[in-house]
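**Student:** Chains as they are written, first to last, in this note's numbering: chain U, 1 to 363; chain L, 1 to 476.
Treat the hints as calculated values from the structure; they're not laboratory data. From a predicted model like this one, the values you see are computed outputs, not experimental measurements. You may find that some hints are simply not true.
[What the hints assert, rightly or not] Just the calculated beta-carbon pair ranges, DEER-fashion:
{"#": "1", "chain 1": "L", "residue 1": "A376", "chain 2": "U", "residue 2": "D353", "range": "45 to 55 Å"}
{"#": "2", "chain 1": "U", "residue 1": "S285", "chain 2": "L", "residue 2": "A376", "range": "26 to 36 Å"}
{"#": "3", "chain 1": "L", "residue 1": "A200", "chain 2": "U", "residue 2": "A241", "range": "48 to 58 Å"}
{"#": "4", "chain 1": "L", "residue 1": "G371", "chain 2": "U", "residue 2": "Y61", "range": "47 to 57 Å"}
{"#": "5", "chain 1": "U", "residue 1": "V37", "chain 2": "L", "residue 2": "D100", "range": "49 to 59 Å"}
{"#": "6", "chain 1": "U", "residue 1": "E361", "chain 2": "L", "residue 2": "Q94", "range": "47 to 57 Å"}
The beta carbon of each residue, even a glycine, is placed where N, CA and C say it ideally should be.
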Amino acid sequence: MADPTSTTTTAKPVVKFVKRHMLPTGAQSVDLHPDGVLAYVACQDGVYELNLTSGARRLLYPHESYASGIAVLPQGGTLVSAGYDGALQWFDCAAGKVARSVKAHDFWSWQMALSPDGKQVASVTGQYLAGGPKYEPAPEREPSVKLFDAATGALRHALPHQPPVQSVAFSPDSRFVAAAGMMGDVRVWDAQNGQQLSAFNTPAFTSWGIIKNHHYIGGIYALAFTPSCEELLLTGMGPMADPMAGNGRQLWQRWSWRGTPKKVDETKPGSSGEGLMEALAVHPSGEWFVMSGRLRGGNWNTAFFRLSDGNIFHSLNTDSRVTRACFSPDGKRLLLSGMKGQPGFNKEGRIPDWGHVDLYEIG
Amino acid sequence: MNCGSNDHKLHRRLFLEGAFTGAASLMSFSGLFTLPAFAAEAKKQEKHCILLWLCGAPSQFETWDPKPGRPTSGPFRAIPTKTPGVQISELMPQCAQITDKLAIIRSMKTNQREHFQAIDLMTRGDNPRPGFTRPTLGAVLGQALGQVDTAIPSFSLLDPSPEGNEFKAFKAGDWAGWMGSQFSPIRTGGEFKIEDIARAPGLSDADHEEREALRKFLSRRYENRRKSTAAGGYNAAFDRVKGLMSCAHLYDVDRLPQKDRERYGPGQFGIHALQARHLVENGAPFVMVANGMPWDGHVFNHEIHQMLVPEVDRVVYNLITDLEQRGLLEKTLVIIMGEFGRTPFLNNARGRDHYPDAWSLALAGCGIRGGMVHGATDENGVEVKENVVDQRRLFATFYTALGLDPHARYELPLGFPAFYRVEGKAEPVREVLLADPPKPATPAVPTVPAFTPRPTAKPVAKPVRSAKPAPAGRSK
Numbered sequence: 001m002a003d004p005t006s007t008t009t010t011a012k013p014v015v016k017f018v019k020r021h022m023l024p025t026g027a028q029s030v031d032l033h034p035d036g037v038l039a040y041v042a043c044q045d046g047v048y049e050l051n052l053t054s055g056a057r058r059l060l061y062p063h064e065s066y067a068s069g070i071a072v073l074p075q076g077g078t079l080v081s082a083g084y085d086g087a088l089q090w091f092d093c094a095a096g097k098v099a100r101s102v103k104a105h106d107f108w109s110w111q112m113a114l115s116p117d118g119k120q121v122a123s124v125t126g127q128y129l130a131g132g133p134k135y136e137p138a139p140e141r142e143p144s145v146k147l148f149d150a151a152t153g154a155l156r157h158a159l160p161h162q163p164p165v166q167s168v169a170f171s172p173d174s175r176f177v178a179a180a181g182m183m184g185d186v187r188v189w190d191a192q193n194g195q196q197l198s199a200f201n202t203p204a205f206t207s208w209g210i211i212k213n214h215h216y217i218g219g220i221y222a223l224a225f226t227p228s229c230e231e232l233l234l235t236g237m238g239p240m241a242d243p244m245a246g247n248g249r250q251l252w253q254r255w256s257w258r259g260t261p262k263k264v265d266e267t268k269p270g271s272s273g274e275g276l277m278e279a280l281a282v283h284p285s286g287e288w289f290v291m292s293g294r295l296r297g298g299n300w301n302t303a304f305f306r307l308s309d310g311n312i313f314h315s316l317n318t319d320s321r322v323t324r325a326c327f328s329p330d331g332k333r334l335l336l337s338g339m340k341g342q343p344g345f346n347k348e349g350r351i352p353d354w355g356h357v358d359l360y361e362i363g
Numbered sequence: 001m002n003c004g005s006n007d008h009k010l011h012r013r014l015f016l017e018g019a020f021t022g023a024a025s026l027m028s029f030s031g032l033f034t035l036p037a038f039a040a041e042a043k044k045q046e047k048h049c050i051l052l053w054l055c056g057a058p059s060q061f062e063t064w065d066p067k068p069g070r071p072t073s074g075p076f077r078a079i080p081t082k083t084p085g086v087q088i089s090e091l092m093p094q095c096a097q098i099t100d101k102l103a104i105i106r107s108m109k110t111n112q113r114e115h116f117q118a119i120d121l122m123t124r125g126d127n128p129r130p131g132f133t134r135p136t137l138g139a140v141l142g143q144a145l146g147q148v149d150t151a152i153p154s155f156s157l158l159d160p161s162p163e164g165n166e167f168k169a170f171k172a173g174d175w176a177g178w179m180g181s182q183f184s185p186i187r188t189g190g191e192f193k194i195e196d197i198a199r200a201p202g203l204s205d206a207d208h209e210e211r212e213a214l215r216k217f218l219s220r221r222y223e224n225r226r227k228s229t230a231a232g233g234y235n236a237a238f239d240r241v242k243g244l245m246s247c248a249h250l251y252d253v254d255r256l257p258q259k260d261r262e263r264y265g266p267g268q269f270g271i272h273a274l275q276a277r278h279l280v281e282n283g284a285p286f287v288m289v290a291n292g293m294p295w296d297g298h299v300f301n302h303e304i305h306q307m308l309v310p311e312v313d314r315v316v317y318n319l320i321t322d323l324e325q326r327g328l329l330e331k332t333l334v335i336i337m338g339e340f341g342r343t344p345f346l347n348n349a350r351g352r353d354h355y356p357d358a359w360s361l362a363l364a365g366c367g368i369r370g371g372m373v374h375g376a377t378d379e380n381g382v383e384v385k386e387n388v389v390d391q392r393r394l395f396a397t398f399y400t401a402l403g404l405d406p407h408a409r410y411e412l413p414l415g416f417p418a419f420y421r422v423e424g425k426a427e428p429v430r431e432v433l434l435a436d437p438p439k440p441a442t443p444a445v446p447t448v449p450a451f452t453p454r455p456t457a458k459p460v461a462k463p464v465r466s467a468k469p470a471p472a473g474r475s476k
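In isolation and in its complexed conformation, chain L is listed as follows:
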């Protein structure tokens, strides 16, 4: 099933050819926290990231890049913001008050026009390479920013919807790629709490620990004797469940103050954004908030944006101001984006179609310079006029803002090609970064993130073409 527009006549088959055939995607590389130096550095950082995932793709004209008086403007007006000379849609009056904390990028230009492929692109940061599955941003950051002594999942996906059309299909896929299933997201939502996770009545702490120790002993023995990666995955899952049992209350929105729920809600996206704040307050490295795929405005574009944009406006305002008041904003990167933008010209169904050629997003928080707009589209929003940003530069910006080396290389087993956090040595968008961003957690010289237990960063035996730097802005 797709969203019904002509935009969808390709491509899932093409994507599947590349995305799900990989041996490496099935592998698990554990041992990250067995390296004391890295673990200590990661712990010291205490950085976080919240991705407000506007799946379906909102219109830049009705959000960050209005074109008042132009044929492409749509019915909504533009309003001034706290940043002199910068206007945003009238649907975002609260964000207009905090643009000094926002970096708006109006020059996104990507190369995937279909939801599934674009979701894949904008969650992983690169186009697929057949045979290998790149981990998503949440898996990467969950690993890089995760704390060693917390039970909070490193990657939480808060999405109340079991559906989501193309996003549903994506959700069923592999989020952690070659990093292994332990970096996959814990997904919750809907009832705003994780169900069926309470310890059985009558089971004491001691009994519970004894059972767990026995289960672990037996399964480790099985794993070692049979060299079973599946058993390893099960063990990782049990560890995560055990961790979840100890922090399930953090996923219970009913425990949050009613006043907070009123400020963020009543829609489920807002409630889950509040939950994301709560998780970050308690140490979660990465939280992704979604709500199905509601932004796909092929039909009723303006009717839907009149409702969804004000919700995002309220959520972004409250989230950023709350994080700031709690002293967490400078440690938390907030990303507000979808998978592409919407067409400048209306279709005959009062809608806007898919448009990756010139679109917008916003960032705030950790390492981000507020009060600025980067890039520009032409007067009608048809083309990017200056400072094109693609997915690679964007992801390099994410990592740099969080103090991570964007060009660090993954250490994969011998014989595998070299992969990097960001391929092609793409440079971050320096203009949206603070002058003195946080220092990279990894050494200054690009080295291999410790995804394997091997202590040294030996070069892979056979670097392949994909490891060669490519010009920024191009994807494989």
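Bound conformation, chain U alone:
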């Protein structure tokens, strides 16, 4: 694999590529074990354990469809994963088996998140079904956002939203949970009592295709609270005239969600190319964040932005689609999960590895 190309525009911090670990299928999400050596990866054929030092990997367990989300509980002995089968699974690492499986949704779990205090797991769902002549999404058939007790698997809150809901995140203090979807609807709740605290819409991430796809597509594929918990970062792709082109602007927005929600910043004009951005993570320092996804046009699919002014200080091209970004708690390492295009069968009759987890060191 060719080293990703990178361009540093400021001296600090320095982002250094270390290694690409390949996986048999597309990597949909990744989380880091507290020991810093092991990573767990949600892949299209199941959940993998990956040793970041040796590169050894093993399939732990499957979902009935793609595994879409993964989180390591704080003590490191339990994994929680979500899948396009609508299930959440708790995996006991010591016992080496699935300890609990919960049918969370009738449709996919698009994304899941673990609260920073490790007490709650949030999962979001929603099938895009036509609800009007312009293919406006139909109202939800089941609660689109669910919060589960991370220890027991018990459902704590079932919260309404406009499906499909594609992204979810807890605030750094675990007090709030936010979820966002295809139509740019963002809602914020008190994670303890389920009370809705804010709702707003940003149409900048949604496309309705006049050229050939006469329906909606796109949406907010990732979101994250800023360190103050008072603002939200959203990411996806700007509107396209033709959704099948995938050529919307690489876009993030920053919103103040309390009171009267207000957009306070977004991707600077001229600083981005085209492509769907799916990953967003704020560095533990609270000073900058990374946005990543797919490059359709331009020269980067991963970029690092200062929270203070929204400017890029570093960018790189992984030559792949990135699905998730994850920092180590000390902020010294960054994991990017993703995939290249699925290759066909080789001469040996197998499909070469096409999923990956990229490891970067932050200096």
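Go by the hints and put chain L onto chain U.
**Tutor:** Chain L in isolation, oriented as in the chain U frame:
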């Protein structure tokens, strides 16, 4: 403009070299209904065809040919159907209940990888031959199945979108080819009714007829004196408009029961499928339902199929059950297809690209044996494993199912090569046909469909190479 994928780096120029240069495509062959015997036979048949045109090309993996547990399967599961041993995508639970009425062909293999060329191929049934434009299925069936005493257009294209990318370009082309403009489709959609077609206020029936008679007299005289084919085309257009004025209400979805609209809708494709049912109930021979070109899943393949496939599932279920309840299913061939399939392997944009090598479609109704799957792909859906079907065999199946001779020859003017409804004597897929399909409307011995006023089927003066039978499965 194209769909933006690398699949599109060819070919429009190559196509244009062949498709739009034809003298024959500009000619009009009228007089079909001047032959009493044929007209009577056509009238007696009362057959119909509805083409649910899934333009852009849906994924066979997310519809008719799922590959559960395989690397190519995608995220959706497979579900059992009413037909033992047959599974389809979980996105089609309603179709799963009526597979006893469906013939699923899983072994389509065609040779055009680009939308425009593939749309052309799968609407006309053959590759282009430079200099000549083959009529589309709708034009052929509109002529062959059309009724002599109805004002309903023989070919309705219901498409709410004025756009459609490559399909937009195709729509702007010649649908009737050498059969002439009178067999081109009446296109409607969008507002679900034909606008500006009401008679002017204050104009009585008598006044309207007198004006029309005068217009017709003058234009016929002009046509005859100037030998103007253009004037003939205008006359045909006026006739069609006049017919439309009398049946415009059939194109008004607002007049359909709200409960029906709820069952088929709310998306425009479903609403137009309902309109197709309504037109067929009122005698329309051929109705094609499209909705732009939404199936081109290079990006967001799964996200789009999660929405579009359930709509098709609902529409197909309601359409087939409604036709059956009305006693129309055995007279109506329903075709559910796009122009090709999608790649087994995902690209790096979470999408599937163009794939004509192994794809699927479904048929139901007139002359079709339900409850069967024809052909198969390998375990990963990469290659057709058995019973390859190409566009010629498919079109031969359409015609045979409707009781039409697939090998009947077009009678073109002297000096033109011979063309057939299906070239190369390609055989229909007998396995998907009822054991005793409807008798051909044309005589058992292949003869020339009466596209010209000439009463006898004289051999053309100079048959050319293209008239020679070619092996089934090969295209020019």
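**Student:** For each hint, tell me whether it holds in the structure or not.
**Tutor:** Evaluated hints:
Checked against the given bound of 45 to 55 Å, the beta carbons of L/A376 and U/D353, roughly 29 Å apart, lie outside it. Between U/S285 and L/A376, the C-beta spacing of about 57 Å breaks the proposed range 26 to 36 Å. Take L/A200 and U/A241: their Cβ atoms lie about 39 Å apart, and the range 48 to 58 Å is violated. Distance hint check for L/G371 and U/Y61: the Cβ-Cβ separation is about 38 Å, which falls outside the suggested range of 47 to 57 Å.
The hinted range of 49 to 59 Å is satisfied by U/V37 and L/D100, whose Cβ atoms lie roughly 57 Å apart. Range check, U/E361 to L/Q94: Cβ separation about 53 Å, and the 47 to 57 Å hint holds.
The earlier numbered hints that this structure contradicts are 1, 2, 3 and 4.
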